[in-house]
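Please arrange chains R, X and B on chain Y, whose structure you already have, making use of the hints.
Protein chains: 4
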Amino acid sequence: MSHNSFGHLFRFTTWGESHGPALGVVVDGCPPNLTVSAEIIQHDLDRRKPGQSRFTTQRKEADEVEILSGVFEDERTGGLKTTGTPIALEIKNTDQRSKDYSDIRDKYRPGHADYTYDQKYGIRDYRGGGRSSARETAARVAAGAVARLVIPDVKIRASLVQMGPYKINYENFSWDEVDNNPFFCADKSAAQSWEPYLDGLRKSGESIGAVIEVVAEGVPAGWGAPVYGKLSADLASAMMSINAVKFVEIGAGMEAASLTGTQNADEMRAGEPAPYFKSNNAGGILGGISNGDPVVVRFAVKPTSSILAIRETVTTQNKNTEIVTKGRHDPCVGIRAVPIGEAMMACVLADHFLRHRGQTGREGPTGF
Amino acid sequence: MSHNSFGHLFRFTTWGESHGPALGVVVDGCPPNLTVSAEIIQHDLDRRKPGQSRFTTQRKEADEVEILSGVFEDERTGGLKTTGTPIALEIKNTDQRSKDYSDIRDKYRPGHADYTYDQKYGIRDYRGGGRSSARETAARVAAGAVARLVIPDVKIRASLVQMGPYKINYENFSWDEVDNNPFFCADKSAAQSWEPYLDGLRKSGESIGAVIEVVAEGVPAGWGAPVYGKLSADLASAMMSINAVKFVEIGAGMEAASLTGTQNADEMRAGEPAPYFKSNNAGGILGGISNGDPVVVRFAVKPTSSILAIRETVTTQNKNTEIVTKGRHDPCVGIRAVPIGEAMMACVLADHFLRHRGQTGREGPTGF
Amino acid sequence: MSHNSFGHLFRFTTWGESHGPALGVVVDGCPPNLTVSAEIIQHDLDRRKPGQSRFTTQRKEADEVEILSGVFEDERTGGLKTTGTPIALEIKNTDQRSKDYSDIRDKYRPGHADYTYDQKYGIRDYRGGGRSSARETAARVAAGAVARLVIPDVKIRASLVQMGPYKINYENFSWDEVDNNPFFCADKSAAQSWEPYLDGLRKSGESIGAVIEVVAEGVPAGWGAPVYGKLSADLASAMMSINAVKFVEIGAGMEAASLTGTQNADEMRAGEPAPYFKSNNAGGILGGISNGDPVVVRFAVKPTSSILAIRETVTTQNKNTEIVTKGRHDPCVGIRAVPIGEAMMACVLADHFLRHRGQTGREGPTGF
Amino acid sequence: MSHNSFGHLFRFTTWGESHGPALGVVVDGCPPNLTVSAEIIQHDLDRRKPGQSRFTTQRKEADEVEILSGVFEDERTGGLKTTGTPIALEIKNTDQRSKDYSDIRDKYRPGHADYTYDQKYGIRDYRGGGRSSARETAARVAAGAVARLVIPDVKIRASLVQMGPYKINYENFSWDEVDNNPFFCADKSAAQSWEPYLDGLRKSGESIGAVIEVVAEGVPAGWGAPVYGKLSADLASAMMSINAVKFVEIGAGMEAASLTGTQNADEMRAGEPAPYFKSNNAGGILGGISNGDPVVVRFAVKPTSSILAIRETVTTQNKNTEIVTKGRHDPCVGIRAVPIGEAMMACVLADHFLRHRGQTGREGPTGF
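Chains as they are written, first to last, in this note's numbering: chain Y, 58 to 425; chain R, 58 to 425; chain X, 58 to 425; chain B, 58 to 425.
Just chain Y, with the same shape it has in the complex:
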């Protein structure tokens, strides 16, 4: 057991605080002989990086990753390959302005983990939330970049599908649009309408929640395991472990509650080389095991709790006070949660791929 580790065969452990010298991740159990480079990992990190647009925190972090172990030169190409030993990745913190936080040293910020960390541990690094800061998610994204190498045939993409009360129109859905707007949104038209909306919130020092959808295509039938190692259970844990996430659903999710059995159960038809499903209410998972359809997960991120409005709170001495959370924050943390959700999906799938291969000796289904 390890509080700060995730996964079993593909397992990573993250460390670091918002305002410490660095943060990082150790990836253990990665298969050997995968081609890797700092650039490959950096690519994913750059998508999560702060300061990409006016809609994310203006903290300036290069988020430059260094590979410290677990790789060796590929004699053939001169590039790097994984060796099967722990891959240590490190990212230096370069723009931590600790003084930004000096005025909240003795107050608990509503909606943040300040109070709970203090009550649990009796000590807390109040600078930027310390360990509870979303800066930790950079480490996940780095791990996720490695995970993608383990399952190269799986395509993992995500989109913001709701900002505040405004949902996208799935008829407009196009993965090609995701990188064309500052929201990682697959609906061009929705993205356009969100821009003035979020500008308004941002200027007023307000924040808003969001919903992210992550889709993994190319997952063969057979990954996952009953009954506590269900693919769905691990995905739920993965997504819920991301900062500010308060709900997770698979496939039809919440809507399944309102459906009848006839409406919900995806019918099957014979196909080549395997049967197919006429619909995907299951979100690609039946009984905790992938069925060959795209794995579809959605999760909601609450609005960041760092806002300019005056809020009632208490001091660390249990006295009433008020607080205004200054600092450099995201008006919609859900935006940067898009690459984070992809990373967690990649990590869960890479782990289950290895678990499936370990138990059955196959990489996919039995087949027909």
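There may be inaccurate statements among the hints.
[Said to hold, decoys possible] Here are the simulated distance ranges between beta carbons:
hint : chain 1 : residue 1 : chain 2 : residue 2 : range
1    : B       : Pro209    : Y       : Ala366    : 42 to 48 Å
2    : R       : Gly424    : B       : Lys212    : 42 to 48 Å
3    : Y       : Gly418    : R       : Glu130    : 45 to 51 Å
4    : B       : Asp233    : X       : Gly418    : 52 to 58 Å
5    : R       : Gly328    : Y       : Asn90     : 45 to 51 Å
6    : Y       : Gly418    : X       : Asn237    : 33 to 39 Å
7    : X       : Gly135    : R       : Asp103    : 34 to 40 Å
8    : B       : Pro209    : R       : Lys224    : 53 to 59 Å
9    : B       : Tyr333    : X       : Pro222    : 26 to 32 Å
Source of the hints: derived by calculation from the structure; they are not laboratory data.
Model, not experiment: these values are computed from the prediction.
Even for Gly, the Cβ is constructed at its ideal location relative to N, Cα and C.
Structure of chains R, X and B alone, referenced to chain Y:
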């Protein structure tokens, strides 16, 4: 790692199939010297037991639990106490009618795990879904009954809060009503209206989804752990591992996506002996650690896929066919998911209580 | 984490006490489609079973195993096959004479775990040592029988190689002799000389220690994993977890301390299809990974502490007293440790086989 | 599961290779509010550091540790305290001379893990053994220094008790001598005689094995857990995971094989506040649980396989060749294994302390 185990310090492993001779659970890591009895565990099992009303499966199972290890006589009372060693609990299957399933031996039931088990393992116990059957949840409920003994000051209750499209009215919410209707519903009036609705579905061989809310009161601040051992992440995994669950949320959950930071972040006020929160959008969890407020989780159960309607599917030879799932099924499996949700909540909290005590030496928060 | 579980991908959890109604094991993670039967498991259990000769405890236990889950009929053969789900095995206790232990209820037996269980848990099942009884090892042997099915090409055998101060002569070593004497001893001549020696000890109510050697042939190069998952580390843990074991060594083991580097390092020569080692001081393991040579482990079992001599001890009230441990005991528990050592070797190797396959996608080495 | 992690509640993960840019460890689960500093950790690292005398490798490594996370300023003292979050410790490699290894790039060094890493992973960092290098043990020592803070009342010391065939005389045993000679030897006289002996070996390019004894005093009764989480099993795994270790014993260990039950079982006498044992053949552990006596573990380290003698081996192409291992090596790696053994003892005990506290709510025994 263990596919069929859950938890870390309070850890249980379940085994058994729908139509095998028995099913059971081994609870490891339970604190010693807790008063226990078969009756205490039976009490919880009886709430989940099939055949309690016309709204649940008519399979006749006594679900009688036997304690096979991990207890010893309490010399003072003559009763039993836990010894700190593994508690093995066993429930015999007594009403398995395997012939009910002979006609689906060569077909995959839509919405069930038949196809995925077969593709993963290349072999499946087709009788009643084998390991994927919801009969496994009896073992969880037994484990949950033990878990409750570990955290006697925590009160865990659950209610059906939505059946199909019909939600309860929270203004009518009364825990006292939960045992007064066949739906474990805290809203008497909603329960009354659901009765004819579900009767209609049942008679037509149809099924429907539901939403369950589980609330744990008396959880002190400080339980849970960053960042992958978050209380919320473990609850998400716990609930999502229950058969047919497709959605999990904590506190405001999905609604948080639509809230602004000002609306969502629960303000704090000084109190005795500790501060209190003016609202509980957080569902009792901040940064993955309990904040002293009730822990509130909701999860959605899809409609059971065993219905009388003719559905398209394929044979195990990948040929088109049709299927009607006869047998004895629940028109709304969500009903029996109520005690199951309570059990999983109890197991997660018992585990985190022990983990918190292990790391900090305290059972609750630092305090003021 | 689980105190009473062993292994990772091939993982088993045991439960039960010496004088409870039953004991058992749940094997999780077993590959599917392995042919299994109660008889196969019984075969191994029978070798460990008490009462096989006058040199083991006279407790009469049939040690009959029942398979309760995790298997399904093989349509082709009518036999059973593993399904990949948890295999629950159960053995009823039938000859527990609790009154044998009534006089030690208030005393701690020297050399036994009575005192430590009481001090740890504040409660203990004093009947036959409760959970600390060597009866638990029946469950391991059952798990080991399943493990052997996972690695059918690996041949695991063991021999008693020392009884008290008397070592075997390795020049006489023949695996064929192991089942021809009551000691599982590969040296016929040593076994003959041990017989009167142990008879003498037995009649005087005395006991003696022993050393067991376990050899696994057919382990391909590449199993095991650095650095805390070393094959050698897991074997050490496995053997040291057996009741009464105080010493474990791999290959040259203790002798390696007295060797020079020149003497110790096994030289290599080119071979087909792979190089070979000119000696096996390494015991088949280099850097925690198998090298293709036989894996050789030895462990020492202390003399059973249940003897007829009067020994000084204390009561559970910390008062001086004396004790004579009556009951039905083994004069040399090392004898029955032979099949137990084999079982633990099988479990460790099966686990590492699956782990290796999971990480690398291969079942053995890269090759040449 | 994690190949490169050790422990459960006090859990650490190491990473890094001999000739990479750095190596390190992440300690997770450490209790909060422990006073810590780089100096405290450095103290232990300096004892293991190469180049302390002519009897250890002449590689020049400052082994300077940096604390990157998991600590925060203690407002009262200005020093650092643990926060309960992951403690990342990093040590830069500064004296890696990769060219030393260029000539062994295509050969397997006998006694080293070159062959097995290559066969397992299909790729290896041949520079200094890569991940299999004993440089990894620096990370363990750093973790052990943190572990000591968790159990401040436990005193952990170790001594070299045998070098090659020469054992110490226990009548001369004095902990005070350990730091007075280059061998960490508690027998002054033995240390003196070893000096010319090892000089001779060193000059001839030869190496020799050794035995280390680690003793933990102040361990209360009650730590450890049946049956696979035995203190003895975890210690065996811990010590066997150290590079070059081939045997582990607890208490009387191997000698117990030759003892009768009467000789071996430690008698008890009433005492204040608890009974005491008249002898300690058990090595402080009964049934896997500490009994209040000193915990005594011995382990043997084989001679380093890097020697100047010409040895037969094969190329990576399975061709016969010869090898002479130049480079900077320890004539007796057992010397530096002394602080490593202490560190592993500290880590095992810290973990079991937390596990015991988690399960029972007590830090020690029930008492009388």
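Structure-based check of each hint:
Under the hint 42 to 48 Å, the C-beta atoms of Pro209(B) and Ala366(Y), about 46 Å apart, fit the expected range. Checking the proposed 42 to 48 Å range against Gly424(R) and Lys212(B) shows it is violated: the Cβ atoms sit about 33 Å from each other. Taking 45 to 51 Å as the suggested C-beta distance range, the pair Gly418(Y) and Glu130(R) conforms, at roughly 48 Å. At roughly 55 Å, the beta carbons of Asp233(B) and Gly418(X) sit within the given window of 52 to 58 Å.
Take Gly328(R) and Asn90(Y): their Cβ atoms lie about 59 Å apart, and the range 45 to 51 Å is violated. As the Cβ distance of Gly418(Y) to Asn237(X) is approximately 38 Å, the hint placing it in 33 to 39 Å holds. The beta-carbon spacing between Gly135(X) and Asp103(R), approximately 38 Å, falls within the hinted interval of 34 to 40 Å. Restraint check, Pro209(B) to Lys224(R): a C-beta distance of roughly 56 Å satisfies the suggested window 53 to 59 Å.
A hinted range of 26 to 32 Å for the beta carbons of Tyr333(B) and Pro222(X) is consistent with their spacing of about 29 Å.
The structure fails hints 2, 5 (numbered hints given earlier, in ascending order).
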